[in-house]
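Place chain P on chain E using the hints.
Protein chains in written order, with the working numbering: chain E, 22 to 535; chain P, 62 to 451.
Hints listed in this document are in silico derivations from the structure and should not be mistaken for laboratory results. Just so it is clear, the structure is predicted and the values come from calculations on it, not from any experiment. Treat the hints loosely; a few may be bogus.
[Claimed, not checked] Derived DSSO-like pairs (lysine-lysine); straight-line CA-CA distance at most 30 Å:
(1) P:Lys276 <-> P:Lys317
(2) E:Lys408 <-> P:Lys343
(3) E:Lys373 <-> P:Lys446
(4) P:Lys340 <-> E:Lys430
(5) P:Lys317 <-> E:Lys373
(6) P:Lys342 <-> E:Lys373
(7) E:Lys408 <-> E:Lys430
(8) P:Lys343 <-> E:Lys373
(9) E:Lys162 <-> E:Lys373
(10) P:Lys335 <-> E:Lys373
(11) P:Lys446 <-> E:Lys40
(12) E:Lys430 <-> E:Lys224
[As the list claims (entries may be wrong)] From the derived model, a few chain P residues whose C-beta atoms are all more than 10 Å from chain E:
(13) Leu105
(14) Ser209
(15) Phe273
(16) Phe346
No residue lacks a Cβ here, since even glycine has one placed at the ideal position from N, Cα and C.
Residues per chain, in single letters:
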Amino acid sequence: MSDTILEMRGITKTFPGVKALEDVNLEVRRGEIHAICGENGAGKSTLMKVLSGVYPHGTYEGDILLEGEPVRFSSINDSEANGVVIIHQELALVPHLSIAENMYLGNERRGRGGLIDWHRTNRDATELMDRVGLHELPVTKIGHVGVGKQQLVEIAKALSKDVRLLILDEPTAALNDNDSEHLLGLLRQLRDQGVTCIMISHKLGEIADIADRTTIIRDGRTIETLDMSEADATQDRIIRGMVGRDMEHRYPERDAHVGEEMLRVESWRVHHPTQADRVVIEDASFSVRAGEVVGIAGLMGAGRTELMMSIFGRSYGRGISGRVLKQGQEVDVSTVSRAIGHGIAYATEDRKAYGLNLIDDVRHNTSAAGLDQLSRFGWVNGLEELKVAQDYRRDLNTRTPSVLNSVGKLSGGNQQKVVLAKWLFTDPDVLILDEPTRGIDVGAKYEIYTIINRMVAAGKAVVVISSELPELLGISDRIYTLAFGRITGELPVAEATQERLMSLMTMDKEGAAR
Amino acid sequence: MTGTLNLKELLTSNIRQSGILLALVVIVAFFSVLHPSFLTPGNLTNIVLQYSYILILAIGMIIVIIGGHIDLSVGSLVALTGATAAVVSIRNGMPWWVGVLAALAVGVLAGCWQGLWVAYVGIPAFIVTLAGMLIFRGLTFQVLDNVSLSPFGGTYYQIANGFQNGILGGYGVDVFTLVIFAVAVLGYAVNAWRQRRAAVAYEQEVGALPLFVLKIVAVGAVVMWFGFQLAQSRGLPNVLILLAVLILIYGLVTQKTVFGRNVYAIGGNLTAAKLSGVKVKKVNFLIFVNMGLLSGIAGVVFSSRMNGAQPGAGNMFELDAIAACFIGGAAVTGGVGRVTGAMIGGLIMAVMSNGMQLMGAEQSTQQLIKGLVLLLAVAFDVYNKRRAGN
Numbered sequence: 022m023s024d025t026i027l028e029m030r031g032i033t034k035t036f037p038g039v040k041a042l043e044d045v046n047l048e049v050r051r052g053e054i055h056a057i058c059g060e061n062g063a064g065k066s067t068l069m070k071v072l073s074g075v076y077p078h079g080t081y082e083g084d085i086l087l088e089g090e091p092v093r094f095s096s097i098n099d100s101e102a103n104g105v106v107i108i109h110q111e112l113a114l115v116p117h118l119s120i121a122e123n124m125y126l127g128n129e130r131r132g133r134g135g136l137i138d139w140h141r142t143n144r145d146a147t148e149l150m151d152r153v154g155l156h157e158l159p160v161t162k163i164g165h166v167g168v169g170k171q172q173l174v175e176i177a178k179a180l181s182k183d184v185r186l187l188i189l190d191e192p193t194a195a196l197n198d199n200d201s202e203h204l205l206g207l208l209r210q211l212r213d214q215g216v217t218c219i220m221i222s223h224k225l226g227e228i229a230d231i232a233d234r235t236t237i238i239r240d241g242r243t244i245e246t247l248d249m250s251e252a253d254a255t256q257d258r259i260i261r262g263m264v265g266r267d268m269e270h271r272y273p274e275r276d277a278h279v280g281e282e283m284l285r286v287e288s289w290r291v292h293h294p295t296q297a298d299r300v301v302i303e304d305a306s307f308s309v310r311a312g313e314v315v316g317i318a319g320l321m322g323a324g325r326t327e328l329m330m331s332i333f334g335r336s337y338g339r340g341i342s343g344r345v346l347k348q349g350q351e352v353d354v355s356t357v358s359r360a361i362g363h364g365i366a367y368a369t370e371d372r373k374a375y376g377l378n379l380i381d382d383v384r385h386n387t388s389a390a391g392l393d394q395l396s397r398f399g400w401v402n403g404l405e406e407l408k409v410a411q412d413y414r415r416d417l418n419t420r421t422p423s424v425l426n427s428v429g430k431l432s433g434g435n436q437q438k439v440v441l442a443k444w445l446f447t448d449p450d451v452l453i454l455d456e457p458t459r460g461i462d463v464g465a466k467y468e469i470y471t472i473i474n475r476m477v478a479a480g481k482a483v484v485v486i487s488s489e490l491p492e493l494l495g496i497s498d499r500i501y502t503l504a505f506g507r508i509t510g511e512l513p514v515a516e517a518t519q520e521r522l523m524s525l526m527t528m529d530k531e532g533a534a535r
Numbered sequence: 062m063t064g065t066l067n068l069k070e071l072l073t074s075n076i077r078q079s080g081i082l083l084a085l086v087v088i089v090a091f092f093s094v095l096h097p098s099f100l101t102p103g104n105l106t107n108i109v110l111q112y113s114y115i116l117i118l119a120i121g122m123i124i125v126i127i128g129g130h131i132d133l134s135v136g137s138l139v140a141l142t143g144a145t146a147a148v149v150s151i152r153n154g155m156p157w158w159v160g161v162l163a164a165l166a167v168g169v170l171a172g173c174w175q176g177l178w179v180a181y182v183g184i185p186a187f188i189v190t191l192a193g194m195l196i197f198r199g200l201t202f203q204v205l206d207n208v209s210l211s212p213f214g215g216t217y218y219q220i221a222n223g224f225q226n227g228i229l230g231g232y233g234v235d236v237f238t239l240v241i242f243a244v245a246v247l248g249y250a251v252n253a254w255r256q257r258r259a260a261v262a263y264e265q266e267v268g269a270l271p272l273f274v275l276k277i278v279a280v281g282a283v284v285m286w287f288g289f290q291l292a293q294s295r296g297l298p299n300v301l302i303l304l305a306v307l308i309l310i311y312g313l314v315t316q317k318t319v320f321g322r323n324v325y326a327i328g329g330n331l332t333a334a335k336l337s338g339v340k341v342k343k344v345n346f347l348i349f350v351n352m353g354l355l356s357g358i359a360g361v362v363f364s365s366r367m368n369g370a371q372p373g374a375g376n377m378f379e380l381d382a383i384a385a386c387f388i389g390g391a392a393v394t395g396g397v398g399r400v401t402g403a404m405i406g407g408l409i410m411a412v413m414s415n416g417m418q419l420m421g422a423e424q425s426t427q428q429l430i431k432g433l434v435l436l437l438a439v440a441f442d443v444y445n446k447r448r449a450g451n
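Next up, chain E with everything else stripped away, as it sits in the complex:
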């Protein structure tokens, strides 16, 4: 038997009008962690769907060889029966069911008479949870554990199916650094136990950290496969392969012209929306000046989004106290429309769930927060609206055939541009961007940074929340760190390093209180 567990040869997949994959080759060795990277839309997910039988045999050209044997999967069940299990980016778990129930969903442990044997289910689940280092009761509802642990449940579920080849689509995209670290450790451990992993990831640091080999895909073609132990397998080389050009500057240059104070928040305190006695944000104070980019760093659960959303029209939490000052004057931001009226805009971290009406077109989404400017006596000037949408499409270089196309069909980066257009059209003085580059590719990220720079150059104040420290360091003038709902530090970017930020972000509760 060869040490090649999987070979995909000359895979070509066409959708009506589009060639998504063209002559893609992938060879995965037994017991390795094989990373696949490429820009959004490069064809990574399509390739994995071909592999896992989502696109059944016959809808693509080319061959798949598993353990040297040609295989023809006609459904996901088929591929899973052969030990190929895929874990999607959006986890497929039922929130109201327990961990054990989720783990054996569709694969129930049956006892006598076809009834479910709950004792066996829970015992087997506990065993698998031990294997992935998840310490919860098997009867805990899945909705009550965090995203990081849910990810572990998915992996445990895969292990219950005797997985030989585990495919993970951006497994750490929604995880904080601790959870990511744990997950990557687990993948290493599984590799040592003989499970081969294919991992799609945007996080190059992570790939350098964990992958044995990396295949780069661009525009539906394989560019190259790098052996990560070689000296020339650098992040820059991967980026070059992904975007097809040199990316000397990942962050555009900018001359900072910081002006007067634009927004100041004092002694901000927020309670949890349902658990009234739980304080989520405690005594937070910060400020941002005109022409300044302020970064907010913090681990998942530190309260970054909660802080900003509670300021933006009390969209989060209850029992909110504290003062918000705009250019020195205290302002009332107790509803979203008042906050918008005072020139504050908040672009959400979850653009699909909270930012866009996916079934509507680009035009209506662009004007969604600024209809007042387009209407008189309640009547919308539809043609003016069209013009505004087209202007922003041109301005932000949004790639869509027409502004009358549905937003749901755009790529992540272009959707993000529509969200930005929506808020730019309200002409805000303070723009709060929550994870503005999450899940979008390197090229589109650069464009988003450029837009941010243009806004501060126009004298606006920008607050950026980001989980990626290099990004914060690359674009901010000043960075606040948050831990356990408190602001634990404030650093000018010149004094900030990833290590210093991380130590402030991981300050324990007592340290944070001081």
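Here is chain P on its own, set in the frame of chain E:
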């Protein structure tokens, strides 16, 4: 990016709307072949008179459904508002217009009541209006003391049964009716032309000019033919004027006002709407107030047509109105739908009912077939959406 679209692109870009329009044409053709009297002036007039109140309800219902809600209470509310008018004008002998105003006021009040629960207390509309269905029915029985009231007579009776004709004379063909229809077609053509010019000025893709002209001529011909049929019968029904005005108003309200845009935004993505500064509670409240008002109008039209009020009036009207919306392309999850779509959906239901009655089909067969049509229409929609999704 100025460009023109050919016929195929035009049809496929709006497959929903063109699909149901095609279905309506097929059904009309089907019945006119099977039954010679289907397309006669008298029967066409009848279709308008018989289903006007369902179409009025469907106008309000489509807004409710676009907002992501449902209203099960409109049938009972039609009964309650009709009963109110009857109590005011028949039992207490007040003038006809006091009865109309009282009915509309009760409709608006009932809408406020339901809107309060849905928007400000946060109870799902399904529950609130299910309760409303029972409450309003109960109130109807109480208001009427369990008996029917009739007749209205006079002007009130003319609302749903009267016609405008003979004003300009004519020999067997009413000239006034033709003039009104001609003005409507002309207005439609001028408006379409202005929209097209503006779209070109704003660099939008438009259909090729011959196709545009063809569409105007086709629509104009169908409408004028319909007007000619009415003119040969009893002239222009009052309810048709009312319906046309309502369709025009609500077409504009849904497409051109901030309120209409907010309804689509709420139905499409509630959280995104909230975070964009839409006053969600106020909009939801208004949606139900408006539904109450339109139920009041439908109540007046229905009681006028029946020339009296019955405790059991309006039974199952809500289901016909809801079916009209879904056949007309509304989405169960909200955010999608148009007044014109709901009207075409309502006409499909109307034409089918009328056609089957002419053919002497049993009530049971009629229900069965209408149910299947609803199911097929939505299945067609879902199929289309899935294909477009790939």
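Beyond 10 Å from chain E, beta-carbon-wise, is Leu105 of chain P? The assertion about Leu105 of chain P holds, with a minimum of 34 Å to chain E.
Please settle this one: Ser209 of chain P was flagged as non-interface, so is its CB more than 10 Å from every CB on chain E? 42 Å, holds
Holds or violated: Lys343 of chain P to Lys373 of chain E, with C-alpha atoms at most 30 Å apart: 24 Å, holds
Could you grab the alpha-carbon distance between Lys162 of chain E and Lys373 of chain E and see if it respects the 30 Å cut-off? Holds, at about 25 Å.
Starting from Lys430 of chain E, check that the Cα of Lys224 of chain E is at most 30 Å away, please. 24 Å, holds
Below or equal to 30 Å on CA atoms is what counts here, so check Lys446 of chain P against Lys40 of chain E. 22 Å, holds
Does Lys317 of chain P lie within 30 Å of Lys276 of chain P when you go C-alpha to C-alpha? Roughly 23 Å separates the two Cα atoms, so the pair holds.
Minimum Cβ separation between Phe346 of chain P and chain E greater than 10 Å? 16 Å, holds
Hey, Lys340 of chain P versus Lys430 of chain E, does the alpha-carbon distance stay inside 30 Å? 27 Å, holds
Agreement of Lys335 of chain P and Lys373 of chain E with the hint, judged by alpha carbon distance not exceeding 30 Å: Measuring from Cα to Cα gives roughly 14 Å; hence the hint holds.
Within a Cα-Cα threshold of 30 Å, do Lys342 of chain P and Lys373 of chain E meet the stated pairing? Distance of about 22 Å is within 30 Å: holds.
Using Cβ atoms and 10 Å as the threshold, tell me whether Phe273 of chain P really stays out of contact range of chain E. 17 Å, holds
Comparing the model with each numbered hint stated earlier shows that all of them hold.
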